[in-house]
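As a plain string of letters, each chain reads:
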Amino acid sequence: MTRVSIKVDGVDYEDDVEPRTLLVHHLRESLGKVGTVVGCDTSNCGACTVLMSDADGHQQGVKSCAVLAVQAADREITTIEGLSGPDNTLHPVQRAFHEAHGLQCGFCTPGMIMAAVDLLRENSDPSEQEIREGLEGNLCRCTGYQNIVRAVRAASEEIRHGRAEAEPAPPSQLAGEDQTPDSGLPRQSVPDETIPQPVP
Amino acid sequence: MIPPSFDYAAPTTVDEAVGVLAEAGEDAKVIAGGQSLIPLLRMRFAAPSTLVDLGGIASLREVRDDGDALVIGAMVTHAAVLRDPLVNEHLPLLVSATETVADRQVRHRGTFAGSLAHADPAGDLPAVALVLGASMEIAGPGGRRVVPASEFFVDYLTSAVAADEVLVSVRVPKQGAWVGSYQKFNRVAQGWALVGVAAMVRRENGSIAEARVGLTNMASTPLRATATEQALAGADSREAIGAAAARVAEGTNPSDDLLGSADYRRHLAGVLTKRAVAGLV
Chain A
1 MTRVSIKVDG
11 VDYEDDVEPR
21 TLLVHHLRES
31 LGKVGTVVGC
41 DTSNCGACTV
51 LMSDADGHQQ
61 GVKSCAVLAV
71 QAADREITTI
81 EGLSGPDNTL
91 HPVQRAFHEA
101 HGLQCGFCTP
111 GMIMAAVDLL
121 RENSDPSEQE
131 IREGLEGNLC
141 RCTGYQNIVR
151 AVRAASEEIR
161 HGRAEAEPAP
171 PSQLAGEDQT
181 PDSGLPRQSV
191 PDETIPQPVP
Chain B
1 MIPPSFDYAA
11 PTTVDEAVGV
21 LAEAGEDAKV
31 IAGGQSLIPL
41 LRMRFAAPST
51 LVDLGGIASL
61 REVRDDGDAL
71 VIGAMVTHAA
81 VLRDPLVNEH
91 LPLLVSATET
101 VADRQVRHRG
111 TFAGSLAHAD
121 PAGDLPAVAL
131 VLGASMEIAG
141 PGGRRVVPAS
151 EFFVDYLTSA
161 VAADEVLVSV
171 RVPKQGAWVG
181 SYQKFNRVAQ
191 GWALVGVAAM
201 VRRENGSIAE
211 ARVGLTNMAS
221 TPLRATATEQ
231 ALAGADSREA
241 IGAAAARVAE
251 GTNPSDDLLG
261 SADYRRHLAG
271 VLTKRAVAGL
281 V
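As given, the protein sequences belong to chains A and B, one line each in that order.
Read left to right, the first sequence gives residues 1 to 200 (the UniProt record's numbering).
Read left to right, the second sequence gives residues 1 to 281 (the UniProt record's numbering).
It is worth saying that the hints were derived from the structure and are not from the lab.
Any given hint might turn out to be false.
[Unchecked claim] Label pairs and their computed distance ranges (CB to CB):
(1) A:Pro86 <-> B:Arg145: 29 to 35 Å
(2) A:Pro86 <-> B:Gly19: 47 to 53 Å
(3) A:Asp15 <-> B:Leu86: 37 to 43 Å
(4) A:Glu99 <-> B:Asp15: 52 to 58 Å
(5) A:Glu128 <-> B:Pro85: 25 to 31 Å
(6) A:Pro86 <-> B:Glu62: 37 to 43 Å
(7) B:Gly25 <-> A:Asp15: 39 to 45 Å
(8) B:Ala227 <-> A:Ser127: 39 to 45 Å
Glycine included, C-beta positions come from ideal geometry on N, C-alpha and C.
In isolation and in its complexed conformation, chain B is listed as follows (with noise of 0.2 Å):
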């Protein structure tokens, strides 16, 4: 279908983008690479009065070493993350989860940002950016503030970017001595995560010091699997892993569709929380 009429502004400046918003009203929508946004507007399930497009704004396309961490900006598509040589050095979680993002035309135009900003609970890198420990910077009316990624991702399709604001960058803190996996299930190629498990663990003298887990598609929102995390440090065998990967549901709420039962997919989380993790140690 043809998306519903909307008005388009190209800022040049995210500081342009913020005034754009401001004026558009709170029907107004950013719009990154478009690739979630751009299905939504042909089935028009949105039907924003103005897109403010990031695209013109050139410093939103680096990624920035900022000492023990990178800033990747909003423009970043998933294709330069790829072949990005600091994102491979330091953030190869990053690397190996984006690989399984979608398929090359849209990694060629979806971004890392974009489809943090998008929310949506079966997105891959949500779940990666809550272990890595990321954190989003987000310029509005009132100038730029921080949002770590354990308070970003709100609800279903909503995260902490209010309608006048714009996600400038993302801050990845690098792995150093961390180690991470990122598993998911799905159907068919082109299919979204049935579920999907984000490993990090840091090991010392040869079992885990310590462990974050998080979550795609067991809620409306990425989540960290805490218990596990906890049952994880000091693990030192196979069992001890699998007995951790196995209270990986805990407070989980996933959902219970065509595509499989909620209990297919708490199974399906522990099968997959073993396996990252086994992968690792």
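So that you can see chain A by itself, here it is in the shape it has in the complex (with noise of 0.2 Å):
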């Protein structure tokens, strides 16, 4: 076991981790960031894709199963559940996959809107063909993308026309470890046997 600690959407949390565990599992398992999904298991898919710090504390856009928790040590996390502001207000470019219907099944929507933050925060304009190589690394098998990339064109242009912010809001007053399933469920009230351990 390794100790490590890692900010998770505004949170800190310090934990002993097998140096084998996989950073998504890691926010899934031990901090009930259920939120952030695991798709292909193969690195295709991004549907894991949270924010990290990378060592001069940028965030950038990272797949967390290719990831490993001690890697992670010392470094800020941003999940799709960090990114909504006080009160549950969402995110533009939530909002955007919201409004546009950039989604059917939805469960590749967690890792594309956080990859399309990542790509907005470099690119605050993007063309269409620039989004479609911004999202190269998230797979999509119900829409066709076509509403993917008209959301995050819509969220595009909120953020720049100053309605939004297109930085993750900052967390939020209530998402203190004790108060909403949000922050993660804290590690010392679940039972360990509640905790699924990975098979040798």
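Build the complex from these two chains, which are given one at a time in their own frames, with help from the hints.
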């Protein structure tokens, strides 16, 4: 076991993890961040995309099934659960996916939205082509991508016209470790036998 | 799937990493960005006893100007290559090839040096390193040694880096008067290159004075198309370039599988070579 401290959606967590634990499994199974999903388990689909700070502190999109939890030590992570603002106001990208119907089954949506947030931070006015290339690490098997591209265009316009912030909202007042399931299940209150353990 | 169990070490200097590797024995494995290794661990194609993570060695994240070359540290990610002003100024071929590597998320974590050490013949950057004349600095128990790219790629997924060694940095000569192009063909956006061609030329008086052509996925290692390179010297027309490109598959041994037959890949290599070189003159 290795002790790691990771800040996830504005809350510091300190846990003992097995070195082989993937970041996505740590987020879901230890911290209760089940908004981040495992899609393909081969690093292709991007459904598990979260933002993770690099060594210089800049957050960027990564596939959390291709990062070990120990590699995320002392880094800051934003998951789909940390995007909304106080009172659960949707992030502009979330709102745009809702309004443009950028999903059907919804399984790829958490990763798709996080990848779009990452793209819009680097390029606030992407063309359709740039959106398609920027999201090439995310697969959607339902929509054919048309409404996803429209949603990202709409979000970029909203962000540029100053109606909304491109940055993830600061953690809401309610997102304390004890208060809402959004911030993850506090580890100490969960009986160990209910936490899925990796199969050796 | 969940990777097999392993011990984990996070050294903060290269010497410390070499020490950990020596102690851990030959089943230890170095991890940089992990974008190739972690999927292999998950599929249980790799089962190292110890993972030695280079992520904590700050000195490996630097790109340094070394006169006629840039020295790119082992932990410089593809994303860092793309935004680095020195690389953009002196190695535009590396920038344009790196833009085609995998996807944004993978480029944020994966490293230039890691993709060379992984030595996947379908990887884009080994062929680019070959034509750029890169050389690799490797640290091991006996000290440091330098291996040119032409001797670095030994076989399928096998580079010159031994089990007890660490690839520290890649020295890449500045392009200077050479212009370059990387062309690859893949079936879907995320797919590996079915074939890739890295071409560089130096022009003089309207014709090609010298050329270098490197091939991705045309054998178990990346390789230079020497017959085409020689035929390109002095080429001054599209016809001459086409004739030179037609010889690109000489000496290659492409695989024959569900993604494409060997004949198809040989044909594709010619098409991509012509396209790459014609775009440079």
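Hint says 37 to 43 Å; check whether the CB-CB distance for Asp15 (chain A) and Leu86 (chain B) agrees.
Once the Cβ atoms are compared, 39 Å apart, the range 37 to 43 Å for Leu86 (chain B) and Asp15 (chain A) holds.
For the hint 52 to 58 Å, verify it against the beta carbon of Glu99 (chain A) and that of Asp15 (chain B).
At 56 Å between Cβs, range holds.
Pro86 (chain A) versus Glu62 (chain B) beta-carbon gap, inside 37 to 43 Å or not
Given range 37 to 43 Å: holds, Cβ gap about 41 Å.
Note whether the CB distance of Pro86 (chain A) and Arg145 (chain B) lies within 29 to 35 Å or breaks it.
violated, 57 Å
Consistency of beta-carbon spacing, Ser127 (chain A) to Ala227 (chain B), with hint 39 to 45 Å:
holds, 41 Å
Starting from the range 39 to 45 Å, see whether the pair Gly25 (chain B) and Asp15 (chain A) falls in it by beta-carbon distance.
Once the Cβ atoms are compared, 29 Å apart, the range 39 to 45 Å for Asp15 (chain A) and Gly25 (chain B) is violated.
Is 25 to 31 Å right for how far apart the beta carbons of Glu128 (chain A) and Pro85 (chain B) are?
29 Å Cβ-Cβ, so the 25 to 31 Å window holds.
Does the Cβ pair Pro86 (chain A), Gly19 (chain B) satisfy 47 to 53 Å?
With Cβ atoms ~50 Å apart, the hint holds.
Comparing the model with each earlier hint shows violations of hints 1 and 7; every other hint is respected.
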